[in-house]
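A.B. asks: Position chain B against the provided structure of chain A, taking the given hints into account.
There are 2 protein chains.
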Amino acid sequence: MHNTNLFIKVKHYFSSDFKLGVLGGGQLGRMLLAETQKLDIYTAILDKSKDAPCAQICNEFHQGDLLDFDTVYNFGKKVDLLTIEIENVNIDALEQLEKEGLPIYPKPKNLRIIQNKAQQKKFYTQHNIPTADFTHFAYLEELKHSYENGIIQFPFVWKSARFGYDGNGVKVVKNYTDLQSLPEGECIAEKLVPFKNELAVIVARNLKGEIKTYPVVEMEFHPEANQVEYVICPARIDNNVANKAREIALKVADKFDFIGLLAVEMFQTQNDEILVNEAAPRTHNSGHYSIEASYTSQFEQHIRSILNLPLGNTDSKVAGIMVNLVGAEGHTGEVVYENMESILEIEGVTPHIYGKTHTKPFRKMGHVTIVNKDIDKARELAQIVKETVKVISK
Amino acid sequence: MHNTNLFIKVKHYFSSDFKLGVLGGGQLGRMLLAETQKLDIYTAILDKSKDAPCAQICNEFHQGDLLDFDTVYNFGKKVDLLTIEIENVNIDALEQLEKEGLPIYPKPKNLRIIQNKAQQKKFYTQHNIPTADFTHFAYLEELKHSYENGIIQFPFVWKSARFGYDGNGVKVVKNYTDLQSLPEGECIAEKLVPFKNELAVIVARNLKGEIKTYPVVEMEFHPEANQVEYVICPARIDNNVANKAREIALKVADKFDFIGLLAVEMFQTQNDEILVNEAAPRTHNSGHYSIEASYTSQFEQHIRSILNLPLGNTDSKVAGIMVNLVGAEGHTGEVVYENMESILEIEGVTPHIYGKTHTKPFRKMGHVTIVNKDIDKARELAQIVKETVKVISK
Chain A
1 MHNTNLFIKV KHYFSSDFKL GVLGGGQLGR MLLAETQKLD IYTAILDKSK
51 DAPCAQICNE FHQGDLLDFD TVYNFGKKVD LLTIEIENVN IDALEQLEKE
101 GLPIYPKPKN LRIIQNKAQQ KKFYTQHNIP TADFTHFAYL EELKHSYENG
151 IIQFPFVWKS ARFGYDGNGV KVVKNYTDLQ SLPEGECIAE KLVPFKNELA
201 VIVARNLKGE IKTYPVVEME FHPEANQVEY VICPARIDNN VANKAREIAL
251 KVADKFDFIG LLAVEMFQTQ NDEILVNEAA PRTHNSGHYS IEASYTSQFE
301 QHIRSILNLP LGNTDSKVAG IMVNLVGAEG HTGEVVYENM ESILEIEGVT
351 PHIYGKTHTK PFRKMGHVTI VNKDIDKARE LAQIVKETVK VISK
Chain B
1 MHNTNLFIKV KHYFSSDFKL GVLGGGQLGR MLLAETQKLD IYTAILDKSK
51 DAPCAQICNE FHQGDLLDFD TVYNFGKKVD LLTIEIENVN IDALEQLEKE
101 GLPIYPKPKN LRIIQNKAQQ KKFYTQHNIP TADFTHFAYL EELKHSYENG
151 IIQFPFVWKS ARFGYDGNGV KVVKNYTDLQ SLPEGECIAE KLVPFKNELA
201 VIVARNLKGE IKTYPVVEME FHPEANQVEY VICPARIDNN VANKAREIAL
251 KVADKFDFIG LLAVEMFQTQ NDEILVNEAA PRTHNSGHYS IEASYTSQFE
301 QHIRSILNLP LGNTDSKVAG IMVNLVGAEG HTGEVVYENM ESILEIEGVT
351 PHIYGKTHTK PFRKMGHVTI VNKDIDKARE LAQIVKETVK VISK
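From first to last, the protein sequence lines are chains A and B.
Note that full-length UniProt numbering has the first sequence beginning at 1, numbered continuously upward.
Note that full-length UniProt numbering has the second sequence beginning at 1, numbered continuously upward.
Extracted from the complex, chain A is given alone in its bound form (with noise of 0.2 Å):
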């Protein structure tokens, strides 16, 4: 009943009665705007701090808790179609919302899956989709019984079931000591899978069917904060790996149903397996050079498959990195960002700024794409870039 509902409003979407609503207003949620600006769709923006990246430029700010039922619900029935920048959001409200005709997309029932890191391991076990193998604990205490009976070894990978972002909520464990300092909660124990590369695809597929995958990228994480450093596309891998990683990112996103673009990451494995680490249900941080280096930038194909729309072409016209820049170690407040102007003269160099106030040690606080027809020339550049520019407190 809904998809008709889209259908009419979608007809009308570059007429001014049409509002997009967003979950979230950050940095995703910033670079969303530029295409919902562009295609000038009037968007409506839900975030818990009244400081945003996106709280003064979008058409309509409110503030509220993305996890409170009603918050959710009444900012729902304020637009006409639905989309979210993060994940982890009420995803009742999203069902009562949908059930009462609101299109949202992507859809509340795969949300619910993919916030909850066990129930996505599952439903990869389910669907045949290779994923490093695990198991799940609903209290922290069972776990700890688990390694206790012997029944999982040292070392494995922790992640907490719920909420973890960036890096948190994932944890190497080897011995007892890392062990008993693990979060009470909810978690997987995860085998630790030894790699050649961390990969990523994002997928977009609109509710017409169609579907694309954008190149595979290749990501280089920095080894304490487990952040992703370096986003390079296209990954130099071979061919036949990249297919695979490819087709695995398209089969989960045919399993999901999947409506919105779907940020698939994988392990490239010694022996050149695929697995499936785990999905974000949005655009990602994987897909940012696609603003300067692809002819459809990943918030752009975003909008479109949202919206019903044809999909644009996902191939690059250059070669594309992205550094990100995260806050210095040692520096906490009020943010500056030091040797901006010696970046610029990097040829192929953009800046992009959160718009966050404060700085905080490893906090996401904007991103460089270096693009170039050559990758090796732009891989250089980026070593540059990120060793010159510091995100620094005043």
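These are computed hints drawn from the structure, not numbers from a lab.
As the structure is a computational prediction, the values presented were derived from the model and not from experiment.
Keep in mind that a hint or two might mislead.
No copy labels: a pair is met if it fits in one copy or bridges any two.
[Said to hold, decoys possible] With a cut-off of at most 30 Å between alpha-carbon atoms, the simulated BS3-like pairs for lysine-lysine come out as follows:
no., residue 1, residue 2
1, K50, K77
2, K196, K122
3, K244, K373
4, K386, K251
5, K48, K19
6, K373, K212
7, K364, K191
C.D. replies: Just chain B, lined up with the frame of chain A:
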């Protein structure tokens, strides 16, 4: 003195204490905002209309008359650096602000000359910049006398000295009836030059004197409305002609000692002479393709140049063609964009909708960029786009 001021400001412009002011909140301002948002530069906009395309999406919006001294002066006192997106502003106020130490780019003295087409033409003549022969008249009556005395002959091009835009204020005068229909006021009569091509070159220059040109573009005009229909980058012309056009554009910027972006429109005559038609002291319709096609968009380049930052690479990643979306004839009222979905099916197509609520014949409502590695393919697709999408009223 204000250079020191600028230096201090620019040093800190990535932190929260810097405020950029922009005179004008139309589509050029809107596309500029995409860049200030990207770099997190707090931006205040002054425009006469509360429904201006920038009104809802800037950090701070002020409604007021751009031609009123007090309005412009008071707005200027609120910001750290002032720029324009339209040249028809109160220059007296800018000069007063400049005297008081406010950095203003482009410089008020340049704007004063460019604002008046007669002064602009005289400037070219003074500096040996090739331009079509012309005569200057303080009043229309003088022009009529001049015709009656045989000093000027039909056909000639009449141009209003002040406030012409998009073909308003320009008319080919072929006979006495045309002459009788001209509006009063200061004007010039220009020799009608038969030309092969209309070309444009955008020059960027910063305070340090760093200077760069974008590639030469070719403009195809609508025969009736005298508005650009297609902008093609790169222009499909001989390299020698292109080099000559770039050199002349550089000379214009150099003679103005210009800071900011200067769009120089030129005629390529039948014998491959280049004549400067006119210049615009700002981002320009002929540079919109750069958002998708260039390493550095003209809007980012404008920010770089006025903030005295290193200029970005002006090369293109791919060929780009821009099609203006103007209001269809016979349609006045609330706007609807017809067949937008169909053009989104075409590869490399990006629509930009400026957020104007009402259309009228030939009003600029948006544009579409078509990018492709092959310029001939892009030109084909641009034609399809042009023939498919219609800007009509409800």
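A.B. asks: Given a CA cutoff of 30 Å, do K48 and K19 count as a within-copy pair, a between-copy pair, both, or neither?
C.D. replies: both (20 Å within a copy, 26 Å between copies)
A.B. asks: How do K373 and K212 come out at 30 Å by Cα distance, when the copy is not named: within, between, both, or neither?
C.D. replies: both (23 Å within a copy, 21 Å between copies)
A.B. asks: One pair to classify: K364 and K191, alpha carbons no more than 30 Å apart. Within, between, both, or neither?
C.D. replies: within (28 Å within a copy, 59 Å between copies)
A.B. asks: Given identical chains, is K196 near K122, meaning Cα to Cα at most 30 Å, within a copy, between copies, both, or neither?
C.D. replies: Only inside one copy: K196 and K122 sit 25 Å apart there, 67 Å across copies, limit 30 Å.
A.B. asks: Since the copies are identical, ignore which copy is meant and state whether K244 and K373 lie within 30 Å (CA to CA) inside a copy, between copies, both or neither.
C.D. replies: both (25 Å within a copy, 28 Å between copies)
A.B. asks: I want to check one pair: K386 and K251. Are their C-alpha atoms no more than 30 Å apart within a copy, between two copies, both, or neither?
C.D. replies: Intra 35 Å, inter 38 Å, cutoff 30 Å: neither.
A.B. asks: Given a CA cutoff of 30 Å, do K50 and K77 count as a within-copy pair, a between-copy pair, both, or neither?
C.D. replies: Cα proximity of K50 and K77: in one copy and across copies (21 Å, 27 Å).
Violated hint: 4 only; the structure is consistent with all others.
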